[in-house]
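**Student:** What follows is the residue order along each chain.
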Amino acid sequence: MIKERPQPAIWDAEHECLHGSVLRDLQLERLKKIVRKLWKNVPYYRQKMKVVGVTPTDIRTLEDIRKLPFTTKEDLRLCYPYEAFAVPLEKCVRIHASSGTTGKPTVVGYTRKDMETWTNLCARFLVAGGLTSKDVVHIAFSYGLFTGGFGLHYGAERVGAAVIPVSSGRTERQINIMKDFGSTALVCTPSYAVYIGEVLQNMGIAPDALSLRLGFFGGEFWSEHIRREIEGKLGVVATDNYGLSEIIGPGVSGECLEQNGMHIWEDHFYPELIDAKTCEPVDPAKGGELVLTTLTKEAIPLIRYRTRDICTLTRDPCPCGRTSVRMSKVSGRSDDMLIIRGVNVFPSQVEEVLLEVKGTLPHYQLVVKREGVLDRLEVRVEVSEQYFSDEMKRLHEMEKMLEHKLENLLGLRADIRLVEPKTIERSEGKAKRVMDLRPKE
Amino acid sequence: MKVKQLSIFMENRAGRLAEVVRLLGEAKVNIRALSLADTSDFGILRLIVNDVEKAVKVLRDAGHTVSLTDVVTVEVPDTPGGLASVLDPLRGAGVNVEYMYAFVEKVTDKAVVIFRFENADAALKVLSKAGISVLPSEMVSKL
Numbered sequence: 494m495i496k497e498r499p500q501p502a503i504w505d506a507e508h509e510c511l512h513g514s515v516l517r518d519l520q521l522e523r524l525k526k527i528v529r530k531l532w533k534n535v536p537y538y539r540q541k542m543k544v545v546g547v548t549p550t551d552i553r554t555l556e557d558i559r560k561l562p563f564t565t566k567e568d569l570r571l572c573y574p575y576e577a578f579a580v581p582l583e584k585c586v587r588i589h590a591s592s593g594t595t596g597k598p599t600v601v602g603y604t605r606k607d608m609e610t611w612t613n614l615c616a617r618f619l620v621a622g623g624l625t626s627k628d629v630v631h632i633a634f635s636y637g638l639f640t641g642g643f644g645l646h647y648g649a650e651r652v653g654a655a656v657i658p659v660s661s662g663r664t665e666r667q668i669n670i671m672k673d674f675g676s677t678a679l680v681c682t683p684s685y686a687v688y689i690g691e692v693l694q695n696m697g698i699a700p701d702a703l704s705l706r707l708g709f710f711g712g713e714f715w716s717e718h719i720r721r722e723i724e725g726k727l728g729v730v731a732t733d734n735y736g737l738s739e740i741i742g743p744g745v746s747g748e749c750l751e752q753n754g755m756h757i758w759e760d761h762f763y764p765e766l767i768d769a770k771t772c773e774p775v776d777p778a779k780g781g782e783l784v785l786t787t788l789t790k791e792a793i794p795l796i797r798y799r800t801r802d803i804c805t806l807t808r809d810p811c812p813c814g815r816t817s818v819r820m821s822k823v824s825g826r827s828d829d830m831l832i833i834r835g836v837n838v839f840p841s842q843v844e845e846v847l848l849e850v851k852g853t854l855p856h857y858q859l860v861v862k863r864e865g866v867l868d869r870l871e872v873r874v875e876v877s878e879q880y881f882s883d884e885m886k887r888l889h890e891m892e893k894m895l896e897h898k899l900e901n902l903l904g905l906r907a908d909i910r911l912v913e914p915k916t917i918e919r920s921e922g923k924a925k926r927v928m929d930l931r932p933k934e
Numbered sequence: 567m568k569v570k571q572l573s574i575f576m577e578n579r580a581g582r583l584a585e586v587v588r589l590l591g592e593a594k595v596n597i598r599a600l601s602l603a604d605t606s607d608f609g610i611l612r613l614i615v616n617d618v619e620k621a622v623k624v625l626r627d628a629g630h631t632v633s634l635t636d637v638v639t640v641e642v643p644d645t646p647g648g649l650a651s652v653l654d655p656l657r658g659a660g661v662n663v664e665y666m667y668a669f670v671e672k673v674t675d676k677a678v679v680i681f682r683f684e685n686a687d688a689a690l691k692v693l694s695k696a697g698i699s700v701l702p703s704e705m706v707s708k709l
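Here the protein sequences come in this chain order: A and B. For the first sequence, this note's numbering assigns the number 494 to the initial residue and increments by one for each residue that follows. For the second sequence, this note's numbering assigns the number 567 to the initial residue and increments by one for each residue that follows.
Read the hints as simulated data drawn from the structure, not as lab findings. Glycine is no exception: its CB is placed at the ideal position from the N, C-alpha and C atoms. Among these hints, one or two may not hold up.
Stated by the list, open to error - Think about it this way: if two alpha-carbon atoms lie no more than 25 Å apart in a straight line, the pair counts; the simulated BS3-like pairs of lysine-lysine are:
| no. | chain 1 | residue 1 | chain 2 | residue 2 |
| --- | --- | --- | --- | --- |
| 1 | A | K915 | B | K620 |
| 2 | B | K623 | A | K915 |
| 3 | A | K886 | B | K568 |
| 4 | A | K886 | B | K570 |
As the list claims (entries may be wrong) - One side only, chain B facing chain A, incomplete, derived with CB under 10 Å:
| no. | residue |
| --- | --- |
| 5 | Q571 |
| 6 | L572 |
| 7 | I574 |
| 8 | I610 |
| 9 | R612 |
| 10 | E619 |
| 11 | V624 |
| 12 | R626 |
| 13 | V632 |
| 14 | S633 |
| 15 | D644 |
| 16 | S651 |
| 17 | D654 |
| 18 | F669 |
| 19 | R682 |
| 20 | N685 |
Only chain B is shown next, with the shape it has when bound in the complex (with noise of 0.2 Å):
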């Protein structure tokens, strides 16, 4: 199952960040998750949230460049060795991570990593032969 990811330009520029999860706050959509990946003069900031169109929308129209992009979402046991696990199987498939970044669930004993591919399908099989499982959209929206 694939998850779809919000991927934002910003300028490294003071109020940038505050003003997108402003519009999305008053739009009531729910951050997920959240990593920015950063260079001296600009950024991406990356977001899971739980209206996907929703969101796109507020920020298209407030004049933000936006794009959608597939990732996989993991959970992994919350435990020394958990990622390890994940990452293994992988590395042995040859599957090429262009990013991640993870969370800790609040109820649950597991950490939710997010996965960018470079080839999600291929990435997906060998979760699945591995026994790893990937949530759906509808459970990361919840989350």
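Same shape as in the complex, but just chain A (with noise of 0.2 Å):
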């Protein structure tokens, strides 16, 4: 099924294969480049340095990283919105969010320079996916505050490919697109291209018909099933990337051609591995929450940001070249938030929403099912006798609100299911909040 295996190639040799002590040195000088910035411009993070009784001159190695605090989504809430920036924000040429913990969501900056870099770095998991001047890319990641959108295609144009920007939805009318336009790269959720695979099917599309050829996904945690279950489906070369808008968006790491783990650019973000509870570094190969420090940002550095993705890292050789450690798949999460159709949920986000609407807090849950090849929420709340009312047309109204406010908040879809007191399932007297019933295979 899988047409012309694509050629292996490299975007910036000169960066991408940096080796022990040159790239160390690089690091180093970066790291202490940036906590003097943060020092300076930041009386936030400055204020959380002097807290642990640190100074910039304390950072002497790359070591003495561990001895900087830690950065939270937290952190970059009670920054909302232009706090954590290190740059007036006339310096800046771009703004994304992505959502919060609660209503409130992550605002992060970009200067020329940080487009430039961000660019750069689609640019170089693109090349190492297989991605040539010659594609043609269809990006079907939702443009907008989303960074996943904007960060592939103009990593995609500057590799001089053409680029479709479809954006997200109206899958039928992809397809078409797809197959009138010669679309070869296909850019998306991986639980959308999975889906893509089965209109297709329902179409009667053979995937023969399509010129796809490449495929690049991120944005959700994904087996190596899956990848050949798309691979199959769409004929395609699938490589994962990852990425978060707080450190820069897509392009903090992606896969090349051999598919073992994403090569994390290092000459501008410094990883470490973490244990969550007590956030003592971890052996990479066992595993922990990856923390990243990006040594390059301008508009918004941030110091050993906490991402609570679960990992491991290997500096196992690869033979594709690059010299950088690889990180392996997300297999999960160190806090609650649920990644539902590529979009970011945190509980807290319902729980606003629940004491929005009636005052106080009932007991709720979230349920995240996987119904045919969608992902579907479901919020549980058990019905109080604040909630409750003798007449069914009242009931309905609150659901409908509920609803309406949900989607308004997390941009997704949510069904509201009450139910009878005690029926949430409790751990330790507090209500479980979130049940993941989707497959993990």
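Each of the two chains sits in its own frame; use the hints to bring them together as a complex.
**Tutor:** Listed below in structure tokens is the structure:
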């Protein structure tokens, strides 16, 4: 099914193949610089450093990074919207945002140089995954505050490919465009790729009728099993890529054609792996929470940002020639965030809506299910007396209002299901907030 | 005269209704009238019982969500057109019925209709003016 095997290539061999001490020297020099910059320009982080008694001069080796305090999503929430910025807004040329743990999003900015960096880092993984200037890139990520669409768009343009900014939704139309425009590379979430495969089948179109040969998938957890399924159904070589808007968006790391883990662009990001509970370093092969420090970001540099993503790291040489450390697919989260159809969802966001509507917080639970190939979010709410009415229409009105507000806040449809008191499973007296019933394989 | 109705939230799962009536039975609470409004996921069980306080306590202790609502119980002639004779004056006065349910008395020749009005007081005025007899709660609990 897979057409002509794509040829390995390296976008920026000088920086992607840096060896040992050269890379470490570069990282240290950049780390020192970014710490000084934060100390000078971001009072919020300076204060955090003062609390633990660290100043920029304490950072003399790369290992000294452990003296620095972590940055969390909660910090970014407290800095909403611009307080974490290390440059004046006038130096920024782009603003993106991702879902926060509550109603307020996490805001990130890019200077012109950040845009250049981001574009090149996306070009790195696109080329690593086989993209050439001859490709026609079909971008089915949504374009908007979400970094996925724009990141890949600019990266693919930089490589010289022809970019079709289709954005998300209307799958049959997407397929017709792919067929008629001769799309050769597909960019979307892995679950959407599976869905496209299903729709193709339903429309009676053989994968051969399309020109697809490459797939760049990210934004969600996915397994090797799903990779094989997508490759079979769409006739592509599917590679994984990783990123998060807080760090830069897509372009933190990406797989090469070896499909053996994602190369982290270490000249720009310094990775650590910690135990999520103790915050101590862990054996990279055993796995832990990925912590990233941006080494070159101007607008919003982050030190030791806790991604909450669980993975392993390896320095085993890769046949592709890149020297960087590689991260495994993300296997889970160290917090309760869910990723549903590429959208990040936190239980605390749901909590906020429930509180807003009724003033009191009932026991609730987020249940994610897979129906066919699409993920659905159901929010179960225990009906306490404050939520109850003897009139059916009032209960329906409340359901509608909650669904409307949730969709507004999450950017994702959620079904409210009213349940009887004490039916949501408790652990240590607290309701279990999340139940992910999606198959793991 | 308004009468207290119990409303109980119930998921549409097997055995839920049985459990509620069993609890009441064990507490020696007698159900005088009952209606169930349901959707595919959940239902609202509405009950008129002989001992409201005890019923509420038993159900709440068992973890059920219970609310009390004022309803109006009207005696309606058990003949064709009986219900219409009650509804007509209400419609004429613009009084809204949220929901209603009815049962037939065993001993007399009357039917009893339980009304949930948007505004029970306004409805009572209209009914009294039209000379329609409303049952007091003592009577209802003895039915």
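**Student:** Enumerate the violated hints, using their earlier numbering and listing them in ascending order.
**Tutor:** 10, 11, 15, 16, 17, 18, 20
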